[in-house]
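Engineer: Read off the chains here:
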Amino acid sequence: MYMFKYILKRLGLMIMTFSIIMIMCFVLIKLLPIVIDVKIGEDANIIRNQLIARGYYDPIPVQFFNYMKRIVLDGDWGIGVNLAEYRNMPVWDVFVKKLPPTVLINVYSSLIAVPIGIALGIFAALKKNKWQDHAISTSVMIFISVPSFVYAFLVQYLLCFKLQLFPTTMYGGYDYFAWSMFLSMLPSVISLSFGSVTRYARFTRAELTEVLTSEFMLLARTKGLTKKQATTRHALRNAMVPIFPMIIGEFISVLGGSLVIEKIFSVPGVGGLYLSAINSSDYDFFMLLSAFYTFIGLAASILIDISYGFIDPRIRMGAK
Amino acid sequence: MKATDYQISKEKFVFCSTEGRLHDQKLETKPMSYLKDAFSRFKKNRASITATIIIAILVLFAVLVPIFSDYTVSYNDTYYRFVTPKSKVFSELGIPFWDGTTKKESTLQDFNFYYSMGVETGKNAIVDQKYTLIEKTNLIGRPTTWYKYRLDTYQSVGVVLMDFRAEQYQSIQDYQDRTGIQVIYPVTDPNKRPTSRQDINKVGNYWFETEEVNGKTTIVLDANGNYIPIYKSYSGDDDYYSIVRYEGNQYLYDYAIKNQTGYSVRVNYYEYYIYYHTEYLKDGITEPLFVFGTTNYGADILTCLSSGARLSLILAIVVSSINLFVGAIYGAIEGYYGGRIDLVMERIVDVLAAVPFMIVISLLKYHLTEVPQVIILFIAFFITGWIGMAGRTRMQFYRFKNQEYVLAARTLGANDRRIMFKHIFPNAIGTIITSVVLVIPGMIFSESQLTYLGIINLNTGNTTSVGTLLANGQPYLAQYPHMIFFPAVFISLLMLSFNLFGNGLRDAFNPSLRGTED
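One line per chain: the protein sequences are A and B, in this order.
Going by the numbering used here, the residue at position 50 of the first sequence is 50; the numbering climbs one at a time, nothing skipped.
The numbering used here runs 1000 ahead of the 1-based position in the second sequence.
Everything labelled a hint here was simulated from the structure, so no lab data went into it.
Ideal Cβ placement from N, Cα and C applies to all residues, glycine included.
One or more hints might be untrue.
Said to hold, decoys possible - Partial list, derived from the structure: chain A residues whose beta carbon lies under 10 Å from chain B:
| no. | residue |
| --- | --- |
| 1 | Phe18 |
| 2 | Asn66 |
| 3 | Phe149 |
| 4 | Val150 |
| 5 | Tyr157 |
| 6 | Leu159 |
| 7 | Lys162 |
| 8 | Ser214 |
| 9 | Leu275 |
| 10 | Ala277 |
To be verified - Simulated crosslink set (DSS-like; lysine-lysine; CA at most 25 Å straight-line):
| no. | chain 1 | residue 1 | chain 2 | residue 2 |
| --- | --- | --- | --- | --- |
| 11 | A | Lys162 | B | Lys1104 |
| 12 | B | Lys1232 | A | Lys30 |
| 13 | B | Lys1422 | B | Lys1036 |
| 14 | B | Lys1202 | B | Lys1232 |
| 15 | B | Lys1103 | B | Lys1130 |
| 16 | B | Lys1104 | B | Lys1123 |
| 17 | B | Lys1365 | A | Lys39 |
| 18 | B | Lys1130 | B | Lys1148 |
| 19 | B | Lys1010 | B | Lys1030 |
| 20 | B | Lys1192 | B | Lys1123 |
| 21 | B | Lys1043 | A | Lys128 |
| 22 | B | Lys1216 | B | Lys1232 |
| 23 | B | Lys1216 | A | Lys130 |
| 24 | A | Lys162 | B | Lys1136 |
| 25 | B | Lys1130 | B | Lys1088 |
| 26 | A | Lys130 | B | Lys1043 |
| 27 | B | Lys1104 | B | Lys1202 |
| 28 | B | Lys1192 | B | Lys1258 |
| 29 | B | Lys1123 | B | Lys1026 |
| 30 | B | Lys1012 | B | Lys1036 |
| 31 | B | Lys1104 | B | Lys1030 |
| 32 | A | Lys162 | B | Lys1103 |
| 33 | B | Lys1148 | A | Lys162 |
| 34 | B | Lys1192 | B | Lys1202 |
| 35 | A | Lys127 | B | Lys1044 |
| 36 | B | Lys1044 | A | Lys128 |
Bound conformation, chain A alone:
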């Protein structure tokens, strides 16, 4: 019951924060003059009339009411104006089409990073203060500091240009599960995993070393468990408590932070769309994608907190 209340409270706060940000964003966007950027030979009046018909020149409160009404009733987030490719298309449809590459890349990179990162972390923790641990910790320190785009350049130069294992950029098209498509995704997946692997390894090592030195491990050994049994049954399980929420958080934050990687490998994903929306002042796209990224950030933090409560009974009970 407590958990339920806690979740409700967190959800309430999240919705409040989200609404405040989105209202501020909406007002600040609507205070700007509408930019209609068409090529020579195209008629800006058609778009202007359409925007007038949609009420884009009304007072801001009226516009906000209409905007919310359209979103809630029809799922209509507006139409593209300045991005020539998506002119007059509903921004929601475009967004949904762009979502799979971004999500897939993140899923793949998590699939690579989680096992490798956690395994490295466990190994380092078990070999604490031996050369294996020093080697892992040092390389983690180096790899965690190097910015993600440097990995991307390295991967692109070595794997794509020199060894020619993969295509330089991701293919277009919608056949996401074809083998060639998977191959073309791999460079971006690898570049994304580097950072994640090091973060998982560092976190796991820190947690596990702490658990390994705690009293109950001594008890487990004294009651007759071998070191291996004690580690797998008691230490690992307890160390997993904070690691699992971290996986969720990492996955979601990577989803929001792969803009650069998406640009380097020309991934036809949400990040590229956001960038072009920003650069071409396409405000409906900007609003939708801002909502998306804000939501992701908020969802990550709330999911982490809630999953802590579900996994670890001590946290659930202790908070009473």
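Model the placement of chain B on the given structure of chain A, informed by the hints.
Structural biologist: Only chain B this time, still in chain A's reference frame:
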């Protein structure tokens, strides 16, 4: 036995000392201040000492190179584009590394193009005119012979056809007479030059006869396998300008063609560059030497990188000190007063912290169109940056505010401000300094990321940024990796050393680690 049973006579009590007054002995060891203690711990950490040295070197690089470099950020030379890094030491020793050369494999046509430069001017575009032949299969599977050689990117511009006014032409001739260095080469016959569009920029280099085969300009050799020159033979129209007066000149060829504005002349670009910068511009450049190479528009990477680094560092340091100031005050108020004030202030922080940085920066960019983008970046970093600092200070205040010494200070009548900044704040200083240091690499990273993505453009002629350099280099990564290499190494080193330095500080400021390493 009662206490009164002991009878000790008064005489038995003697003063142990009658000279002066007795004190506690003064401590003979020196007191260890918090900062001293932290410093002694910091010194023991080899990784952070190394990091400190690297940071010092990088900072010196960012400060000194833009001052002492001959080139400026706005300098660019369209002929010297994509020039590879060259260091004087390696090129003079003839070591094939960092000497301004690049490995190249090409077909006969390209090879001949570069080979002919050395034949005409004696300045070899192909290092020592050495090459090896390799067999490759082309697209349709037929074996073809390819040439493998090292190309000197400084000489591979070769000879360029340029227009000069009469006095410029005269000045170059004077330079030639004075130094004995040949800059001007005989002009080619306009009717015999290749006409193909792709050669329009390289036309100065064709001093030999060519023909067009399948749309490609191909060399024509004479019976002995030598080049057939297409120089314009001596016409004697305009003796003063059409000849070059140096010893042994036999008046075989014309050295210039008169046109509407002046003279069309073929000059060896390497020598002309030296002449142009030492004699004409007098801007301190003595020879083309780009230690980190040049970009796609011919700017010097060393200068651009160092001044971009300077901008990044200044921005990061200024922003983080302002964030420190605002965040510390905000966090102190939150943490000290607690209760309802804390609740309200925390909600404000919650909302601000949840706004993605991209939204902040793009909204600022939309609204402040007139403002320089550096200022926008500055404001954006400020809006979201102080939150972390406030949170950390708040935590520290919650930890310390109920301790006895604070209570004592309050009993003695200290006011809130005094307690906050004189009594509690110094305890939090270690954590706060550490977090300032750890925030700097993050800020430099976001700055380079934003400029890379092109959301923020810091190029204003005299400034540039590391991200812009990376973005410029990315399309040419396959052929010219040096454009990416130096900025990427710089930013990686900077982030790594700041992280190590910050971690060292964190351990140093943690008194519980005292003595654990001994």
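Engineer: What are the numbers of the hints the structure violates, in ascending order?
Structural biologist: Numbers 2, 6, 8, 12, 19, 23, 29, 30 and 31 - these are the hints that the structure violates, sorted from lowest upward.
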